[in-house]
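Colleague: Listed here are the chains, written in short residue letters.
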Amino acid sequence: MSDQATLEVRNLQTHFFTKAGVVKAVDDVSFSVGKGKILGLVGESGSGKTVTGFSILGLVDEPGRVVGGEILYRGENLVGASQERMRQLRGNNIAMIFQDPMMTLNPVLRIDTQMIEAIKAHQKVSDDEARQRCRDALGQVGIPAPEERLKSYPHQFSGGMRQRVAIAIALLNKPELIVADEPTTALDVTIQGQILYEVQKLCAETGTAMIWITHDLSVVAGLADEVAVMYAGRVVESGEVDGVLDAPQHPYTAGLIGSVPSRNARGKRLQQIPGMTPSLLNLPVGCAFKTRCSYSTPVCETAPVLSEVAGGRQVRCHHPLATEAV
Amino acid sequence: MTVFVIRRLMQAALVVLIMSLLVFGGVFLVGDPVEMLVADDADQAEREAIIKSMGLDLPFYIQYLRFIGNALQGDMGNSFVFQESAMHLIAERMPATFELAFAALFIAVVFGIPLGIYAGLNANSWISKTIMTTSILGFSLPTFWVGIMMILFFAVIMGWLPSSGRGETVDVFGIQLSLFTLDGLSHVCLPAVNLALFKLSMVIRLARAGTREVVHQDYIKFARAKGLSDTRIIGVHLFKNIMIPVVTVLGLEFGGLVAFSVVTETVFAWPGMGKLLIDSINFLDRPVIVAYLMFVVVLFVVINLIVDVLYSVLDPRVRLQEMKS
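Which chain is which? The protein sequence lines are A and B, in order.
Residues in the first sequence are numbered from 1 upward in steps of one, following the numbering used here.
Residues in the second sequence are numbered from 1001 upward in steps of one, following the numbering used here.
Heads up, some of the hints might be wrong.
[To be verified] Here are the simulated lysine to any residue pairs, SDA-like style, with alpha carbons at most 20 Å apart:
1. B:K1275 <-> A:D136
2. B:K1221 <-> A:M86
3. B:K1221 <-> A:M102
4. B:K1221 <-> A:K201
5. B:K1221 <-> A:D61
6. A:K120 <-> B:G1235
7. B:K1240 <-> A:K201
8. B:K1129 <-> A:V60
9. B:K1221 <-> A:V79
10. B:K1221 <-> A:D136
11. B:K1221 <-> A:H319
12. A:K151 <-> B:S1312
13. B:K1221 <-> A:R10
14. A:K24 <-> A:R10
15. B:K1129 <-> A:K24
16. B:K1221 <-> A:H122
17. B:K1221 <-> A:F16
18. B:K1221 <-> A:R87
19. A:K151 <-> B:N1122
20. B:K1240 <-> A:M102
21. B:K1240 <-> A:I116
22. A:K120 <-> B:I1220
23. A:K19 <-> B:N1122
24. B:K1240 <-> A:Q156
25. B:K1221 <-> A:R65
26. A:K151 <-> B:K1240
27. A:K151 <-> B:V1313
28. A:K120 <-> B:R1317
29. A:K19 <-> B:V1313
30. A:K201 <-> A:D136
31. B:K1275 <-> A:R65
32. B:K1221 <-> A:D100
33. A:K19 <-> B:N1124
34. A:K124 <-> B:N1124
35. B:K1240 <-> A:M103
36. B:K1129 <-> A:E62
Simulated from the structure, these hints should not be mistaken for laboratory data.
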């Protein structure tokens, strides 16, 4: 293994210790992402995608805590790393882009203040040089007249523009890993298309690894190299994006793909996965998906393990679909 | 911005005019100053002469118009008691009151904001709970009682600080200030703390509530994701956001601090405007009461104006709206 993964997450567990009980928001999640690659982390709301992202940056708020597993950034375990070490890495080596661009920029600070401080938190550079880099970063994400825009306040930007600014901030220190938490969900499709294009280009050009958290399978299909599907805090299926999306093996993945309204099914009833995401406080014994799964049998009372099927493809199911179809 | 200021100024002028009518009318109704001014043994002719000389026989609206006319020229009439210009009397006592109010405001801000932020960030620690419980006392204990207790403890029992008066003053640009002498400072200590207690509790609560709200915002998490130090996040990102409500409320409350330091000034025998007002009310000294009330009205209007402008400096979103309208 000369080609070390930029980030490798092994058996990550992040639990929230609430008054009502322990919420296992992330329970045994493993994946890795290599240089220049994009990993799509897919799941419904509450499946633990965002918490996984925050865990990587060490930004899980009380009462949550990473209780187990390893987060290896170029071989260095970030679980249990000191606050100061995490601060050094955040924004410098590992950057994050948030879901809601309307909320990520501080409303009372100018864009230049918010960008320059991100550079100065990690490097000693002159104001002029920092400014120049901010201008370049804004230009890179396609913001016209960056010099003028630097003096603006966030409310003077549209949502799409704000997200571009947030992405520019994430790019400022040329991080090796970017965790993008549904960054295009709040944007309209044309803007989403532009941003996806920019992101793909960037990863290819700079070798930045990216974790793209989303619930939108069509985005993953077009953008990601690999995909990990999460359900109730666990990865239920992972592998090459084409393989997983073309021939899903976990019933949940199949259900997710089936839920995408498709163009050639006009007039037909849309498909859905029956039932609701179970409460993380009160997960069913065994397979968490069994209550909504049409394939479930008594064997699903025992928890399935994530097992390798073929060529890097992993599935956590007692009744993987493809093998039955064969 | 200029349009904004001009519009506010016109509104302010209207408010002052309406208030002048209310104040003048109100005091006109309260009582007859003639009884106070005429010697007991004066005969009817003497009474008539005095009433006539003061213009008290004229109908209300003429008296009011006269008053406005004089007021526009800066003349609020002479005190019946001191035979001195009412404005001059107030101006003479103004530095003492402002000094006290500023000292109180300073205490409230310098202690209130850090304590509030601390309590907001560590909501569950016992220190925060102590801060919050104590601030309830600051709200609910009556100022005069706390003042008396402070005198009892610090002045009478411990003998650390003087209990009344203003102490030694120095002349700063023609204004007598006591903040620059040790003796003056020791005199201002107790009344300033007494006056500050209520505001301090309020600032703590505002800062805490603001912190609790702001700290969970995405932009704070994003700031952390940028790898900023805690000092920078709290000192810039959080601070600027919580200051918006604090500045608004404090600005408005500063007027109150000045206008209603009456109680504290009375308890500590502080020779300020508040004490003058109480004395004037006791003597029914109409010109001084009217002048004082008008002064307070103008003060509030000016402070409101300043707060509006400051607010737009702090919050760029307000600036934009104002420019559009």
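Colleague: Taking the hints in turn, state whether each one holds.
Modeller: Verification of the hints:
1. B:K1275 <-> A:D136: 64 Å, violated
2. B:K1221 <-> A:M86: 14 Å, holds
3. B:K1221 <-> A:M102: Given pair B:K1221, A:M102 holds - Cα atoms ~14 Å apart, limit 20 Å.
4. B:K1221 <-> A:K201: 27 Å, violated
5. B:K1221 <-> A:D61: Holds, because 10 Å separates the two Cα atoms, which is no more than 20 Å.
6. A:K120 <-> B:G1235: 16 Å, holds
7. B:K1240 <-> A:K201: 37 Å, violated
8. B:K1129 <-> A:V60: 25 Å, violated
9. B:K1221 <-> A:V79: Roughly 19 Å separates the two Cα atoms, so the pair holds.
10. B:K1221 <-> A:D136: 25 Å, violated
11. B:K1221 <-> A:H319: Violated - the C-alpha atoms of A:H319 and B:K1221 are around 41 Å apart, more than 20 Å.
12. A:K151 <-> B:S1312: 17 Å, holds
13. B:K1221 <-> A:R10: Judged against 20 Å, a Cα distance of about 25 Å means the pair is violated.
14. A:K24 <-> A:R10: 16 Å, holds
15. B:K1129 <-> A:K24: The hint is violated at about 30 Å.
16. B:K1221 <-> A:H122: Given that 20 Å is the threshold and the Cα spacing comes to 17 Å, the pair holds.
17. B:K1221 <-> A:F16: Measuring from Cα to Cα gives roughly 18 Å; hence the hint holds.
18. B:K1221 <-> A:R87: 12 Å, holds
19. A:K151 <-> B:N1122: 35 Å, violated
20. B:K1240 <-> A:M102: 18 Å, holds
21. B:K1240 <-> A:I116: Status holds; Cα separation ~17 Å.
22. A:K120 <-> B:I1220: Within the cut-off at roughly 17 Å; holds.
23. A:K19 <-> B:N1122: 18 Å, holds
24. B:K1240 <-> A:Q156: Between B:K1240 and A:Q156 the Cα gap is close to 18 Å, so the pair holds against 20 Å.
25. B:K1221 <-> A:R65: Roughly 16 Å separates the two Cα atoms, so the pair holds.
26. A:K151 <-> B:K1240: 18 Å, holds
27. A:K151 <-> B:V1313: Within the cut-off at roughly 15 Å; holds.
28. A:K120 <-> B:R1317: It is violated: about 26 Å lies between the C-alpha atoms, which goes past 20 Å.
29. A:K19 <-> B:V1313: Outside the cut-off at roughly 43 Å; violated.
30. A:K201 <-> A:D136: This hinted pair holds, its Cα atoms lying about 16 Å apart.
31. B:K1275 <-> A:R65: Measuring from Cα to Cα gives roughly 59 Å; hence the hint is violated.
32. B:K1221 <-> A:D100: Holds, at roughly 12 Å.
33. A:K19 <-> B:N1124: 14 Å, holds
34. A:K124 <-> B:N1124: 37 Å, violated
35. B:K1240 <-> A:M103: 16 Å, holds
36. B:K1129 <-> A:E62: Given pair B:K1129, A:E62 holds - Cα atoms ~18 Å apart, limit 20 Å.
Violated hints, in rising order: 1, 4, 7, 8, 10, 11, 13, 15, 19, 28, 29, 31 and 34; the structure is consistent with all others.
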